[in-house]
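Undergrad: Residues per chain are reported as follows:
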Amino acid sequence: MSNIIYYVSFIILGIGIYGIVSQKNLFKQLISLSIIDTAVNIFIVALGYVEWGEAPIYSTITPVANFVDPLPQALVLTAIVIGVGILALGSVLLVHINEKYGSLDPDEIRDTREVVE
Amino acid sequence: MLREMVGYSLVGIGAFFYFLAGLGLLRMPDIYTKLQASTKATTLGTFSIALGVGILDFSFLGKAILLIAFVALTNPVAASVMLRAAYKNKAPVCKETVIDECGTMVDGNGGDVK
Amino acid sequence: MRRVWAILVAGVFLYFLVGQFLPIIPTFGNVDLFARVAFDIINKSTTTNYNAVEFKKSKDLEDGSANVVTSIVVNYRSFDTLGEVSVLFCAAIGVGILASMLKSKKRIEFEEHKVLRISTGIVLPLILLFGAYIFIHGHLSPGGGFPGGTTIALGVLLLMLSNNEFKVTNVAKYVEQSAGAGYVVIGLMGMAIGGVFLMNFLPTGVVGNLFSAGVVPIVYTFIGFKVGAELSNVISDLREG
Amino acid sequence: MIALLIAVPLVFAFASIPHERLGRYFLPFVAMFNLVCLFFFMHPEQILEVGKWPAAYGIALVLDNVSYPFLIFVNFLILMMSLSATLENRYGTLLLVLTAAVNGIMLTGDFFNSFVFLEIISVIAYIVAAHKDNALGAFKYLIFGGIGGTMYLLGAVSVYVKSGTLNMAYASFITDPMVVPTICIFFLITFLVELKVLPLGLWAPDVYSNGSSVTPIALGSIVTVSLVYLFSRIFLNIFDLPNPQLVGILAMVSIIFSELGALKQKGLGRALSFATISGVSTVVAALSMRESEITSAAYFYLFNDVVSKFILFTLFAYLGERGFKSNKTAGIAFTFASLSVVGFPMFAGFWAKYYLLKALFQVNSYALPAIILIAAVIEAGYLIKWNVELWYKEEDREKDREDVEAEKAEGVEEVEEVEDFVPFGAQVVTLLLALTLVVVGFMPGLIHDQTMSIANHVLDFRPYLDLILKGGM
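Those protein sequences? They're chains A, B, C and D, same order as listed. Numbering-wise (this note's numbering), the first sequence opens with residue 63 and increments by one. Numbering-wise (this note's numbering), the second sequence opens with residue 971 and increments by one. Numbering-wise (this note's numbering), the third sequence opens with residue 19 and increments by one. Numbering-wise (this note's numbering), the fourth sequence opens with residue 31 and increments by one.
Hints are not guaranteed to be accurate.
Only some residues are given here: those of chain B computed to face chain C with a beta carbon under 8 Å [what the hints assert, rightly or not]:
1. Leu1043
2. Thr1044
3. Ser1050
4. Val1051
5. Leu1053
6. Arg1054
No wet-lab data here; the hints were simulated from the structure. Glycine included, every Cβ here is placed at the ideal spot set by N, Cα and C.
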């Protein structure tokens, strides 16, 4: 039962994968990708939790170390920034697709393509 | 003792306003009334919760007042901008609407405006 | 049919995660910090012997930032951060390239809102100040270059939403250039002074002071400027088309 | 000192932001600088602990006998690409960062660091894939690559949980038979996506066939070589590949389907893309065997495949609708490259297939050789068909002129000399590479000695471990 946060992040991950495979709309696929990112980030932060540990910052409240593992947090910081970059890139690609084919649905795109080519 | 009573009752009032906001979001018929309910409540709710916590813990009072100032500065503007955007995009009005002061909405009596 | 496939794929994956992966990771909260490198990083004793660190007392440690996450991000694993900056940099360039390739070069125009415009005048300096605060205090409190830069870029976004004529000028590009090159140059300075790339060559000071942690605040300031300029460029590219 | 290989391209990339065209002039010089540094100032077996933090805490860059030849090869390819491809505005800057990233992914000895470099490479790959208005293909790649990247992150983090550090050498201490396969599956998914083994590599044909001279070369040659390096580092050097049969079967199925796909295609671009998939799948199938002769042959195969596909794709990009009648140099290079892909004697490709088959027969493996031979026959079929078609193509001058006029009317003023359509740089580069293939065809020892040395080093993890443990923990 203590592992519930792992299960939660796995379920979010499963939702993301389900979304990518089941959804036709390309924008929804991008959102699903971002959901997967989020799930993995939650999971990684959870991996570093030490019971009764505090946020890993030396301050007036916590002058001596009794911290959770800070390294996964640092990794997640990097992963979040990378995720943002990919999300921005994906959305501008979608703007392109929408301009070229007038739709974000693969079926309609295929029809337009056949007409064009 | 008095301090705690005042503080907790302020926090309680804030929580009540948040509850009202949630209720308004569920019960109100269109976006204008929904936003009206939720912004009023969140602004006031945030004010009184921040003030309540500030009174409970005096070292936080300065920060609480600052917080209130920022919320007062931003929240109404955000709500106004959102409503304006909804209005410009001709979001549908509920049937009970009587007055449209800007006068650009097609049908004063409401109904689904496309 | 698609849904069946999707449920199948997600199910297989979940089965793998729960059945294979979950048993090999420690249960939530039961982490043996001693077995991980993070333990020595928290105590700032990867090269020296173990000594408990105390806030505002410990002096001249190998790494002086009070925020341990920052000391990992900008000091112990600074090379990762250099890569991270490059990822964002490439994404920004990509958005620029792709936005300039769009056929409809129509700028997004709108009517200005007086209330928004006036209140922006009041709020914007506060937002910029807050962004600068976040990245300057990155080694003392939660925050750092990336959130700080994002906050600044949000200020630019607010300005853009409230003001129809506002344009991000070429200055943003020069800021981006000099801040990005500055980070690498700091790394190369470490190479010139200490012989190793990205070395922390300044004195680290007392844990918890503003002027401490050596190059960490400087690097975070560079990152803040770079991310702010970069994201402003992204926003402006998307608007100008 | 090793860090210069990464720092210098990055500085130039950052410096070229405000001036859009600057990056593309920097690129050849930076690649030259890297090559000179590698040849004259660096030698294998050295380690750099970035920021002076000992290996397990910080990030260690390692230059050893495996990464050294790979680095030289990749930087050579980048130099060749910078001379042959037409780079539009800002692509130069991107490729500078790509140079830094591929050098980084080969030097780094840290899982998370390699994830970061992998993501830089992927982000650049998505942008480059969208070249020539191919946003749909790029988006497909983005979705596949995004999942792959996430899996790599999960793998890296599980290494951290199990070994307490992210260092690759320390990760080789994980020997628990329960744990290693699970970690490896995460990494494997990434590599199946990025090395385009078929079920997960479905994005590749759309991306490679967009008709630009940058995309297939940057992705198909440079990125592929660096990822094959990472594949061998993780699965041959650090961990043992847990279920090689499965990978082998996947790769073999991928070879068959990609060759059939290539046969079916009407356009040359898509046919070549499928041929690339088949080539890389062969390398993956051979590498999964974990045997030194086979590994060496696989690297030889990779060399031949990458160089000849470089030539084919470059010429395809400039060819457009025309044939070889007006440009014999390009035609000769194209024919040489296709003969080498097929494995005609006197070319490097012959030796690649010969060594591979010989090594496979020595370990009594017959399924893969059969598939390789079938694939070679199919490849011979469609490549010779295309060669004949292009050599005997009657150039439709009327149509060309109409095209030119139509383009002029649209305001594009580039395609004017119909006579000499391949730029001078591309002609020289492709001819040079074609001659390299011939030279290697006569003297296979040149490459074979190198690949043998790589194979022997990559299959023995102790030198690598010693190099990093030198400082001690």
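Undergrad: For each hint, tell me whether it holds in the structure or not.
TA: Checked hints:
For Leu1043 (chain B), the interface hint holds, the least distance from its beta-carbon to any beta-carbon of chain C being 6 Å, beneath 8 Å. A distance limit of 8 Å between C-beta atoms decides the matter here; for Thr1044 (chain B) the minimum to chain C is near 6 Å, and the interface restraint holds. A cut of 8 Å between beta carbons decides the hint on Ser1050 (chain B): the least distance to chain C is about 5 Å, and the hint holds. Hint status for Val1051 (chain B) relative to chain C: holds, with the closest Cβ pair at about 5 Å, below 8 Å.
With a cut of 8 Å, the hint placing Leu1053 (chain B) at the interface with chain C is violated, because the nearest CB-to-CB distance is about 11 Å. Given hint, Arg1054 (chain B) at the interface with chain C, holds; its Cβ is 6 Å from that chain's nearest Cβ, closer than 8 Å.
Hint compliance for this structure: hint 5 is the single one not met.
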